[in-house]
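Asks: Here is how the chains run, residue by residue.
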Amino acid sequence: MKKILIFIFLLSLPISIYAATDAPKGIIKITPRTAPPLSLENMDGDKFTLSTKNRRWSFVHFWASWCGPCRREMPTIQSVIQAMSKDNIDFVIVNTAESEDTVFSFLGAVAPEVDTLLDRDGLATELWKPRGLPSTYLVDPYGQIQYVVIGGQDWQKERYQTFLRQLSAARNTR
Amino acid sequence: MISRMNSLLLHTKYPSIFLLLICTLATSNLQAAPKRHVVENPKIRMVVIPRTAQQMAAFYEGREFPVNAINATGDACFFTVGIHNKSQHILWLDTDKWTLTSAGRTLSLLSRAYWTQRWKELNLQQRFQSTFRWTLLPNQLDFQPDEREGGNITLARINTPFTLSAHFTTKINNHDEASIITFNNLRCAP
Numbered sequence: 000m001k002k003i004l005i006f007i008f009l010l011s012l013p014i015s016i017y018a019a020t021d022a023p024k025g026i027i028k029i030t031p032r033t034a035p036p037l038s039l040e041n042m043d044g045d046k047f048t049l050s051t052k053n054r055r056w057s058f059v060h061f062w063a064s065w066c067g068p069c070r071r072e073m074p075t076i077q078s079v080i081q082a083m084s085k086d087n088i089d090f091v092i093v094n095t096a097e098s099e100d101t102v103f104s105f106l107g108a109v110a111p112e113v114d115t116l117l118d119r120d121g122l123a124t125e126l127w128k129p130r131g132l133p134s135t136y137l138v139d140p141y142g143q144i145q146y147v148v149i150g151g152q153d154w155q156k157e158r159y160q161t162f163l164r165q166l167s168a169a170r171n172t173r
Numbered sequence: 000m001i002s003r004m005n006s007l008l009l010h011t012k013y014p015s016i017f018l019l020l021i022c023t024l025a026t027s028n029l030q031a032a033p034k035r036h037v038v039e040n041p042k043i044r045m046v047v048i049p050r051t052a053q054q055m056a057a058f059y060e061g062r063e064f065p066v067n068a069i070n071a072t073g074d075a076c077f078f079t080v081g082i083h084n085k086s087q088h089i090l091w092l093d094t095d096k097w098t099l100t101s102a103g104r105t106l107s108l109l110s111r112a113y114w115t116q117r118w119k120e121l122n123l124q125q126r127f128q129s130t131f132r133w134t135l136l137p138n139q140l141d142f143q144p145d146e147r148e149g150g151n152i153t154l155a156r157i158n159t160p161f162t163l164s165a166h167f168t169t170k171i172n173n174h175d176e177a178s179i180i181t182f183n184n185l186r187c188a189p
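Heads up: the protein sequence lines correspond to chains A and B, in order. Under numbering that gives the first Met the number 0, the residue at position 55 of the first sequence is numbered 54, and the numbers go up by one with no gaps. Under numbering that gives the first Met the number 0, the residue at position 69 of the second sequence is numbered 68, and the numbers go up by one with no gaps.
Please keep in mind that the hints were generated in silico from the structure rather than gathered at the bench. Small disclaimer: the values here were computed from a predicted structure and weren't measured. One or more of the hints may lead you astray.
As the list claims (entries may be wrong) - Within a straight-line C-alpha distance of at most 20 Å, the following computed DMTMM-like cross-link-like pairs (lysine to aspartate or glutamate) qualify:
1. A:LYS52 with A:GLU40
2. B:LYS42 with B:ASP141
3. B:LYS42 with B:ASP175
4. A:LYS28 with B:ASP145
5. B:LYS85 with B:ASP145
6. A:LYS156 with A:ASP86
7. A:LYS24 with A:GLU157
8. A:LYS85 with A:ASP114
9. A:LYS24 with B:GLU176
10. B:LYS119 with A:GLU125
11. A:LYS46 with A:GLU157
12. B:LYS119 with B:GLU60
13. B:LYS170 with B:GLU63
14. A:LYS128 with B:ASP141
15. A:LYS46 with A:GLU99
16. B:LYS42 with B:GLU120
17. B:LYS85 with B:GLU39
18. A:LYS28 with B:ASP141
19. B:LYS119 with B:ASP175
20. B:LYS119 with A:ASP120
21. B:LYS42 with B:GLU176
22. B:LYS96 with B:GLU60
23. A:LYS24 with B:ASP145
24. A:LYS128 with B:GLU176
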C-alpha cells in the first residue's frame, strides 16, 4: 500500500506548481525568493496589497512613461489582462515615481484599460530591485518570486499566454 | 535625422536605455549629437554615447525636475552605456572594477552615494531621486545570456580625453574568465 501511495505521489509531481518549466524567451526561472511587500493605491485611491490569501499567481509589472520599451509593452499587457480575465492570475501593474497627470496621459493614449498602482515616491519599486524598467516578476501563490522577465515582451504572443495559463492552472498544488 | 535613427536603433536594442530617444529628439535640432563609440568581442557588445549637458537637461526637465537639480546634472559628464551579453553564460558587471585614466591620472565614476548626497543637499523630492537612480547604469548586474541593459555613467567634468576599461567576468566551468572592453579617447560632450 505504501509503495502505491509513493507511486501516486510521484505521478502527481509533474503537474505541480512549477510544471511550466519551458519558459518562453526572456522569462528566467530564478531561485525562489520571498516577494517584497507591495501595498499601494491606484488612481482612484483604491488600495491593493499583494498577499497570498487568494492562492493565485501574480504578474507584477513595474513601468514608467519615460521608458520607451514600456510604451511598446503596455498595450500587449492590456491585451493579456483582457484575454486572461477569467484565469487565476492577478495582474499588478505599478507605475514608478510619476505624477498622476503623467500616468493618466500616458495610459489614456497607450493602454486605457490598464489600472495601475502608483508608487509615488518610487520606494516600493526599489524594494523589488528590478534590473531596469520595464520589469516583470511572476510570483507564485505562496508569495515566492519564481520568474523574472528580462526587458519588455510581447505578451499578446501565444507562447507567453500559454505559459501564464500553465502557471495559473497549477495554482493550488505544491 | 541620422542621429535620431541611431538613437532609435540603440534604444530598441537596449531596453533600459530610455534616455536615448527622448534626449535626442528633444535636442537634435539644436546641436549635432556626439559620436557614439562601439566595441565588440565574441562575448560582449558595448556602446558608449557622450551626452551633452543640454540633452540631459532636456530629459530631466521633461520629467519635471526642479531647476536646481537640472543645474546639478550640468556639473557632471554623462555617458549612456549599452551592454549586450552575447554569450551563453552569465556575464557579471561590476563598475567598481572599471578603470578610467586620463594622461596618466586615474579618474573615478560618480557613485550613487555621491548623487544621493547631492540630492539631499538640494532637498530633491524622493520621486525625482528615484527616477534619477533608474537612469543610471546598475553598479552590479548578472547579465543573462542575450540580455541587454543600459543606463548612464557619470563623472566630474574634464576637458581632456580619457580611456575607459570596462571589466566583466564570466563564470565558465567554475572558473572566472575576465573580459575587458576598452574605449580610448572618450571625451565629455559639452
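Asks: A separate judgement is required for each hint: does it hold in the structure or not?
Replies: Hints and how they fare:
1. A:LYS52 with A:GLU40: Distance ~19 Å between A:LYS52 and A:GLU40 Cα, so the pair holds.
2. B:LYS42 with B:ASP141: Holds - the C-alpha atoms of B:ASP141 and B:LYS42 are around 14 Å apart, at most 20 Å.
3. B:LYS42 with B:ASP175: Roughly 14 Å separates the two Cα atoms, so the pair holds.
4. A:LYS28 with B:ASP145: Holds, at roughly 15 Å.
5. B:LYS85 with B:ASP145: holds, 5 Å
6. A:LYS156 with A:ASP86: Holds, at about 17 Å.
7. A:LYS24 with A:GLU157: holds, 12 Å
8. A:LYS85 with A:ASP114: Given that 20 Å is the threshold and the Cα spacing comes to 17 Å, the pair holds.
9. A:LYS24 with B:GLU176: violated, 26 Å
10. B:LYS119 with A:GLU125: holds, 18 Å
11. A:LYS46 with A:GLU157: Given pair A:LYS46, A:GLU157 is violated - Cα atoms ~32 Å apart, limit 20 Å.
12. B:LYS119 with B:GLU60: Holds: B:LYS119 and B:GLU60 sit about 19 Å apart, inside 20 Å.
13. B:LYS170 with B:GLU63: violated, 42 Å
14. A:LYS128 with B:ASP141: Measuring from Cα to Cα gives roughly 13 Å; hence the hint holds.
15. A:LYS46 with A:GLU99: Holds, at roughly 15 Å.
16. B:LYS42 with B:GLU120: Distance ~41 Å between B:LYS42 and B:GLU120 Cα, so the pair is violated.
17. B:LYS85 with B:GLU39: holds, 10 Å
18. A:LYS28 with B:ASP141: Satisfied, since the Cα-Cα distance of roughly 14 Å is no more than 20 Å.
19. B:LYS119 with B:ASP175: With Cα atoms ~39 Å apart, B:LYS119 and B:ASP175 exceed 20 Å; violated.
20. B:LYS119 with A:ASP120: Holds, at roughly 15 Å.
21. B:LYS42 with B:GLU176: holds, 11 Å
22. B:LYS96 with B:GLU60: Since the Cα atoms of B:LYS96 and B:GLU60 sit roughly 32 Å apart, the hinted pair is violated (cutoff 20 Å).
23. A:LYS24 with B:ASP145: Status holds; Cα separation ~10 Å.
24. A:LYS128 with B:GLU176: The given pair, whose Cα atoms are some 27 Å apart, is violated under the 20 Å limit.
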